[in-house]
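Taken in order, these protein sequences are the chains called E and C. So for the first sequence, the numbering used here puts the first residue at 1; every next one is plus one. So for the second sequence, the numbering used here puts the first residue at 1001; every next one is plus one.
Among these hints, one or two may not hold up.
In silico lysine-lysine, DSS-like type, Cα no more than 25 Å apart, as pairs [unchecked claim]:
1) K14/E with K1580/C
2) K2/E with K1007/C
3) K1231/C with K73/E
4) K10/E with K1580/C
5) K1046/C with K14/E
6) K1270/C with K1580/C
7) K4/E with K1553/C
8) K2/E with K1046/C
9) K1481/C with K1564/C
10) K2/E with K14/E
11) K1345/C with K4/E
12) K1029/C with K14/E
13) K10/E with K1026/C
14) K1326/C with K1353/C
Not everything, but these chain C residues come out facing chain E in the computed CB check (under 8 Å) [claimed, not checked]:
15) S1037
16) F1038
17) F1043
18) N1045
19) P1074
20) I1159
21) R1233
22) K1236
23) Y1239
24) A1241
These are calculated hints, taken from the structure and not from any lab test. Quantities reported herein were computed from a predicted structural model and do not represent experimental measurements. Each residue gets a CB set at the ideal place from its N, CA and C atoms; glycine is no exception.
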Amino acid sequence: MKDKIRQVFKELFKINPEDFREDLDMNSVAGWDSLNHLNLVISLEELFGISFTTEEVIQMTSVKAIIETLRGKNEREII
Amino acid sequence: MKSNTEKLKEEILLSSGRREIGIAVKKLKELLCADASFLTISFLNKALSNMAREDLSGFTYLKIAIICNATIEPFEMYLKAEAFKYDLLLDVHIVDHYRYAEEIMNKEGNLYCRECGFFIFMLIGEELNPDLYFRFAELSAGQKKENVIQTLSTISGFIEKVKSFSQSPVIVTNLAVPSLPLNGIVDCYRDDSQCCAVSDLNNKIYKITSIEKGIYYFDFDRVINMFGKDKYRDMKRWYLAKQPFSISFMPVLSGEFLRFILPIAGKNKKCLVLDLDNTLWGGIVGEDGPENIEIGETPKGRAYSHFQREILNLYNRGITLAINSKNNIEDVVKVLDGHPDMILKRRHFSAMKINWSDKADNIKSIAEELNIGTESMVFIDDSPEERELVRIKLPEVLVPYIPEDPAELVKTLKALPVFDSFIITEEDRERGRLYAEESKRIQVRRSFTDINDFYRVLEIKICIGEGDKFTIPRISQLTMKTNQFNLTTKRYSPEEISSLCSSKESLVFWLRSEDKYGSNGIVAVAIIKKGASVWAIDTFLMSCRVIGRTIEKAFLSYIISIAKNENVDQIRAEYIPTAKNQPAKDFLKDNGFLKIGEEDGRLTWAQKVKELNLPCPSWIEMVTV
């Protein structure tokens, strides 16, 4: 799962895989603005074949939050 | 393990880094075909913005603006990606949705100073007129009527403003008819039907558009019906950021816009080259025999018959058909002339290459025979190997992916946005016949050693007239499409031709030709800018169909005779070189003009009218109307 997120951050925000950390957030990543946030959401939805709720999209403002949201979805939808 | 997509992306970065743009472009097209995810679309947009425009040979560059009352991003990325498939590089300006009205009104603003090739004017109905969509049932009869009138006048006001500040075409979308109206299932029975009100508004929008004026009607409601009215919106992103469309709708909407954009950019296709076995019918005629191929009333046969019907429809719209097949000609002729279920007959094909040669070489010789460029051709073949060969050898030919299941053929063909044009002229409807007549002329020409004898035998008649409302569409079409015998390659919309026709400072001539093998319709156009003593030839072009019959000489001699009558002192003309107009290069020199200037390859020619003695060739009979 993290590999895929890492790939998205590399492609959308040019974050090198070695610089990818869980504490990255909208404030610390250049280019992660509100418009690109939705592009990030589209990319993750396509890659994982899921759909986030409005609330989840609003909350997912850091890598940590993204991972937690995806884990929550895994438990509910995949297992 | 790296996925195929990642490998392709790395190879693209490598080859574009080395400026091997041809390879990068081919791999980008492969990537788009293999994976159309948002990340791929975003990758492609970045890769394109890193390439130098001049390195993208064969691409046409076009500036456009999208005016929308919602957040259109990231749609523009999908539009650019779709355009890229057809060798078109779009530079998209997006008007901020919360200030689109201001931008439209501001003549000096960003919207107009960029000199866009065209505008897309797309208003989301729910946002433009919430009353119509959400409160319609609450309005009084008078308010309902007023609502529709108000909305129409808002839209037409915007369009008039755009057209008053710019000559470029505007594509205007209509509004979505609600899929479930406010009155529910009885909506259509009611006088105050919401669906009828929106349809009525759409009809009124249609009426303010006009091809001649360069205001094109985009039937957005048709497009969402085709895609699915409950799937084209994404409500989550709408509530979050006013992004109206679902991601899966974006490539479809892009394709539908390309049906308009490609002819505006002169990138629409003219010729469809077809394989035969397992493309036009099921099975292999050389092995199975003409009587055993699948066409007609079998499950697969029905699919191929339907495919042939759609191809015939393109033929009727002016697309030239050709065959490119590895086969024995005797077998194919038995099918084309004798099989009762064949919808396409021999007469529908303007060229046939049925042999065992390389299919790319065959395509080149079809292009030569028909006197068209390979970049205006589409090649359809069920074999991935043949497709790949043509893509490598002739990258300018469009070679779409063809699914294995014949049931998908019609859908694949219909999804190609390359065959649309704004005008279907009488000449288009007859083009297949025209090419067939041309092959008779070529046979006759071979039998003559003296070319003048050949001209005489043809019994050429020409008719020249000035542009009027009947001929404006064809005149514009010729300026858009003629690449070879064209001195200046200036493109004019019907609207521009119309204003040139009515202006006292210009003359627009058309020329119709016929000979003993048939009529060619309007095949040549000249536009003259009149000065007091000097006339300038702004445009002089002739369709490649009639090159090599001295018709251009007759046309020029007519223009000179008119100039003499009006006591004009001098005629000037320019030759602006392009990749394709070599055939027109020596025309002015050969007919008595003197070179007076040369700049960046553009040659300026002039001559005193009294020095120009160019009779109409004796084998051409000329009349004027």
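Hint check:
no.	hint	result
1	K14/E with K1580/C	42 Å, violated
2	K2/E with K1007/C	20 Å, holds
3	K1231/C with K73/E	23 Å, holds
4	K10/E with K1580/C	43 Å, violated
5	K1046/C with K14/E	12 Å, holds
6	K1270/C with K1580/C	16 Å, holds
7	K4/E with K1553/C	67 Å, violated
8	K2/E with K1046/C	24 Å, holds
9	K1481/C with K1564/C	31 Å, violated
10	K2/E with K14/E	16 Å, holds
11	K1345/C with K4/E	54 Å, violated
12	K1029/C with K14/E	23 Å, holds
13	K10/E with K1026/C	24 Å, holds
14	K1326/C with K1353/C	8 Å, holds
15	S1037	5 Å, holds
16	F1038	5 Å, holds
17	F1043	6 Å, holds
18	N1045	11 Å, violated
19	P1074	6 Å, holds
20	I1159	28 Å, violated
21	R1233	14 Å, violated
22	K1236	5 Å, holds
23	Y1239	6 Å, holds
24	A1241	6 Å, holds
Violated hints, in rising order: 1, 4, 7, 9, 11, 18, 20 and 21; the structure is consistent with all others.
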